[in-house]
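Residue numbers (the numbering used here), protein chains in the order written: chain A, 1 to 284; chain B, 285 to 629; chain C, 630 to 904.
Because the hints were derived from the structure by calculation, they are not lab data. Backbone N, C-alpha and C define an ideal beta-carbon position, used for all residues, glycine too. Take these hints with a grain of salt, some might be off.
[Said to hold, decoys possible] A short list of chain B residues far from chain A (calculated; beta carbon distances all over 12 angstroms):
1. R384
2. D387
3. Q425
4. D480
5. E605
6. F607
[What the hints assert, rightly or not] Here are the in silico distance ranges between beta carbons for each label pair:
7. B:F299 - A:Q172: 19 to 25 angstroms
8. B:N346 - A:Q172: 51 to 57 angstroms
9. A:V38 - C:W896: 33 to 39 angstroms
10. B:V390 - C:S715: 53 to 59 angstroms
11. A:Q172 - C:L804: 34 to 40 angstroms
12. A:W22 - C:N891: 51 to 57 angstroms
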Amino acid sequence: MSAAISTRVHQSTLDDANWVRWSLITIALGFVILFLCVPLVLVIIQAFSKGFGAYFSALSQPDMQAAMRLTLLTALITVPLNTVFGVAAAWAITRFEFRGKNLLITLIDLPFSVSPVISGLIFVLLFGAQGWFGSWFVEHDIKIIFAVPGIVLATLFITFPFVARQLIPLMQEMGSEEEEAALSLGASGWKTFFLVTLPNIKWALLYGVLLCNARAMGEFGAVSVVSGHIRGMTNTLPLHVEVSYNEYDSVSAFAGASILAGLAIVTLILKTLLEWKQTNRATV
Amino acid sequence: MSILLSNISKNFGQFAALHDIDLEIPEGELVALLGPSGCGKTTLLRIIAGLEQADKGKIFLNGDDKTDLHVSQRGIGFVFQHYALFRHMTVFDNVAFGMRVKDKKVRPSEAEIAKKTHALLELVQLDWLHNRFPDQLSGGQRQRIALARALAVEPSVLLLDEPFGALDASVRKDLRQWLRNLHHELNVTSIFVTHDQEEAMEVASQVVVLNKGRIEQQGSPAEIYDYPANEFVSKFIGQTNEFTLEHQTVDWFKHIGLLISEQSKVAHVRPHDIEIAKSTNNDTPITLKDWQHLGALIRIELMKNLPNGKPKLVYVEMPNEQFKRLQLNRGDKVDLKIRHAHWFN
Amino acid sequence: MSQSRIMPGFRPTVSFTVFYLSLVVLIPLSTLVFKSFELNFDDYVNIITHKRVVAAFRVSFTTALGAAVIASFFGFIVAWVLTRYSFAGKRFFHALIDLPFALPTAVAGIVLATIFQPSGFLGKFLKENFDLQIGFKPAGIVVALIFISIPFVVRTVEPVLQEFDSRMEEAASSLGATRWQVFTKIIFPNIFPALLTGFALSFARGVGEYGSVIFIAGNLPYVSEIVPLLIITKLEQYDMPGATAIALTMLVISFLLLLLINLLQHWVRKRSGQL
């Protein structure tokens, strides 16, 4: 997905007839409002349906707090790891020629095309009681599945490509001439990276981190499979939302949903800002 | 610093970009690597810089074998075709970069760096732009900043890749002169790559003509022009007329003053080495077709009917005044006289 | 590999990349493949051809297909409107398109369920006035999948529309074409590859979608049970071979779709090169 799409109107001296224009706008906006705006509004309505008091007490429940902590922890581990990977992979792929490079690019995209449930299943197969390494872990009383490590691993898998996918096209387009210039002026590899490459990719990097984080915090399907749904221990916030909903505790469910929706909105705002920064910078 | 290249070869997959290049460049020269696209000149430049690795051969800079040294340690300055200025840094920071990334032990103080940077920017007459960013500069300005940046690290050899290729014609002309003057001032051994033979002849003190990965000739502009080593150089540099031997024209050759030797097959004649006069003989095969004003010179197109019936164009150049005195018109029959020719096999 | 000697960091970055990739992606994925080899072929076929499994595949594929078609139609209009017209609040709507990307699937799931279930405000409205039930029916799955498909279509078509050379439209107009003809003969054929790619991406995503679907779907076996849910059910029953077999089949199908999408994207890039 292209990161920087401006909202300037496509220039054409030919205009569609007014009636065409307005009907299309109505259809488009109607569609968007129905499918996108209404859900957001509904989250707020439902969350506060029993008043502010109920909302805040739902948020301070220990299970809810534990879920939020777990979600945060997962993000704090997976996002930096995948960011480091993304940068290393982008450097390797865009600055060198080697056999198998195209295969590597395709493999990096793999987690995107795998269904979330399958993404969780593979870790159950690997570390579950009947899994390959399962018995070794049971003997050493280390729990992977139905425990936090499993959740982290599944999230790591799911959010794997995000940063790399933002950096690779950008660095490919930028070319390596500035880095070659820095090297010719006597800079070492690290200096070249930090003083020349990093400033040029910083917006795309932030953008990738943002998307990675949003997905890490919001992942549901894969985490659902590996977590075991143990209240207070292995429920992330999205899982807590599911559990509450299934128990008809709608205030709790939508309170949790409101946090996640808020996160989504912040992500969208930051995303728009970063896109704007990128297009403005791209006049070079 | 003098440069010696010995037996340099480079292949890109199946394609042989450079074959066994031997090249020696004395200190202080301003050398042009000249040739058509694909001749290997940019590859050669990048190999000297260390931005490419030769498959075979050695590179000596000032007597030291630098073949295996990384580009960051060769002490060269490189100016890229599209300048490669650091887009996120000001002009000042761009030029100061090379000094700032030096090892702590040898790094000058910020004050010294600032002094030197401003001095360099003064040298290229752009100190007033020191706070701007590259995207706010014109092409010619970027070119000069790129040069200042490369000079900041006091390189012993300066390498420029098609330095004027991306610029407007008028800017190009000015910068050529400017580069030549700068070189006189600084006296750093410099090599630049170009496909424009006029540029090479105008700017360089030594020209190396390359074709298909081989050196065709190396010499001063005068030597290359007056004594081309082979057909390729003769045709590539300046204008030529080609006359090939066909049996019936042997007499005609003698008639126009061309001496034939046993092995020679083709004569190359420069347009200004041909004299023409109105012909009194109506059987002459040469007609004056047209002429073009090129400022101080006139280029005259003559048409000659070959024995096989096809027409051949011959180009003659002479000063305006001289042409006026001849009082020729389009369609007139003319006689040729060749003053000087180069024969090739 | 001479280039590796000039740009620094070849060995560290390439080896780290391959190492991390293997650790996080390849080894786990290959577990699925190897585990399925523990099944013999007959068992595999039996599992896959079981009525409930076939039904689940049918539900997943038909709903994903329906959703992709509808999303492509409306998504195209949205992309058109966003690139060609200006109106108040356009920036806002433009940013909003990515909401399904940013919003966790579970949140989308419970919200859509609440709206469309028979007691929800739209669910009630549709039931009473059109006798149409969306919640707890396959139609609900389609609705949920449309929600998550929107950004795929819009974001794939938008850049191509944006880059579209309007001089072609001007040329066609000057030759006498009506606006509709310009659209059908000039604009649409050039946008079509991108639209098809968006469609394929939505479809691929829709087939494997879980979180946004399970709340609204009803999840009745044979009727509204999707494949991911079936896999989880098998897991909960400790039927590892069952879960593995179904997952492997899904994986193979996903990869084939991925291949198709890559080919489509290649086609799009080639065509835009000619634009």
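Here is what the structure says about each hint:
A beta-carbon of chain A is positioned within 12 angstroms of the beta-carbon of R384 of chain B; the least distance is around 8 angstroms. The claim that D387 of chain B lies off the interface is violated: its Cβ sits roughly 9 angstroms from the closest Cβ of chain A, which falls inside the 12 angstroms cut-off. With a cut of 12 angstroms on Cβ distances, Q425 of chain B stays outside the contact zone with chain A, its closest approach being about 15 angstroms. Even its closest Cβ contact with chain A, about 22 angstroms, leaves D480 of chain B beyond 12 angstroms, as expected for a residue assigned away from the interface.
For E605 of chain B, the shortest C-beta to C-beta distance to chain A comes to about 50 angstroms, beyond the 12 angstroms cut-off, and the non-interface label holds. Interface exclusion of F607 of chain B from chain A stands, the closest Cβ pair being 49 angstroms apart, more than 12 angstroms. A beta carbon spacing of about 23 angstroms between F299 of chain B and Q172 of chain A agrees with the range 19 to 25 angstroms that was offered as a hint. Distance hint check: the CB atoms of N346 of chain B and Q172 of chain A are about 38 angstroms apart, inconsistent with the given range 51 to 57 angstroms.
Checked against the hint of 33 to 39 angstroms, the pair V38 of chain A and W896 of chain C passes, with Cβ atoms roughly 36 angstroms apart. Checked against the given bound of 53 to 59 angstroms, the beta carbons of V390 of chain B and S715 of chain C, roughly 58 angstroms apart, stay inside it. For the pair Q172 of chain A and L804 of chain C, the beta carbons lie near 39 angstroms from each other, so the given range of 34 to 40 angstroms is met. At roughly 39 angstroms, the beta carbons of W22 of chain A and N891 of chain C sit outside the given window of 51 to 57 angstroms.
When the structure is compared with the earlier hints, violations turn up for hints 1, 2, 8, 12 and for no others.
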